[in-house]
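Produce the entire structure from the sequences given, and follow the hints as far as they go.
Residue strings, one per chain:
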Amino acid sequence: EAGVAQSPRYKIIEKRQSVAFWCNPISGHATLYWYQQILGQGPKLLIQFQNNGVVDDSQLPKDRFSAERLKGVDSTLKIQPAKLEDSAVYLCASRKDRGITYEQYFGPGTRLTVT
Amino acid sequence: TQLLEQSPQFLSIQEGENLTVYCNSSSVFSSLQWYRQEPGEGPVLLVTVVTGGEVKKLKRLTFQFGDARKDSSLHITAAQPGDTGLYLCAGVRGSGYALNFGKGTSLLVTP
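If you're matching them up, the sequences are chains A and B in order.
Position one of the first sequence corresponds to residue 1 (our numbering), numbered consecutively onward.
Position one of the second sequence corresponds to residue 1 (our numbering), numbered consecutively onward.
Each hint can be trusted.
Listed next, with one range per pair, are the computed distances between beta-carbon atoms: (1) 7/B to 73/A: 33 to 41 Å; (2) 38/B to 52/A: 27 to 35 Å; (3) 75/B to 72/A: 35 to 43 Å; (4) 28/B to 72/A: 28 to 36 Å; (5) 16/A to 14/B: 46 to 54 Å; (6) 16/A to 41/B: 28 to 36 Å; (7) 40/B to 62/A: 25 to 33 Å; (8) 106/B to 7/A: 21 to 29 Å; (9) 115/A to 17/B: 34 to 42 Å; (10) 76/A to 53/B: 42 to 50 Å; (11) 7/B to 84/A: 24 to 32 Å; (12) 13/B to 2/A: 29 to 37 Å.
Dumping the calculated DSSO-like pairs for lysine-lysine here, alpha-carbon to alpha-carbon at most 27 Å: (13) 59/B to 70/B; (14) 103/B to 44/A; (15) 96/A to 56/B.
Because the hints were derived from the structure by calculation, they are not lab data.
In this text, a Cβ means the ideal position worked out from N, Cα and C, and glycines have one as well.
Structure follows, in structure tokens:
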């Protein structure tokens with residue numbers, strides 16, 4: 001079974017530019033999460049989707065961050081305009097919803113550097 | 001936001017030593033998970049603990065969930081260089097099973 005795929009793996013941009021990250025979850029996983037992991041910290045949830053609907057986006061900085069999962073499969077996270085403090089690893093995770101299962105499967109992440 | 005405090009933040013030990021990592025919160029979680037993350041990779045689930053007082057063993061790793069479901073510990077016996085990595089505890093919250101992560105414990109095991 002293929003894991004969670006993310007691209008690109010690395011991205012360097014200047015502040016005020018825009019950037020987009022892509023995630024393809026494990027096939028059949030209805031729930032998809034985007035996390036931000038700043039160096040030296042644990043991941044922080046940005047947004048959670050159930051199929052193509054948003055379940056929780058309370059910690060998403062909506063003035064500059066946006067995310068979509070139009071067909072309930074892959075997802076895109078966008079930052080516009082980027083700030084220096086957005087430098088982090090952006091992790092995508094997915095979870096199967098059948099039964100009571102807590103395990104989230106994480107992708108390798110996209111490392112963003114804003115200069 | 002329910003905060004999870006992990007200690008120690010960094011740990012450097014020699015192969016064969018034992019160690020314990022702690023995860024504490026003022027909040028009660030329905031369950032708690034431990035993940036291990038290697039450089040350039042996403043976290044990988046090690047264990048989920050659900051019941052207060054629960055103890056789970058995974059080879060040389062022993063996980064315990066506090067009776068009040070506010071704290072947890074991870075004990076590694078006879079650490080090996082392959083145990084090197086970032087250990088993260090995460091509290092499961094809400095019906096969507098989103099995770100609140102601690103800052104992690106960075107473990108280095110030298111031969």
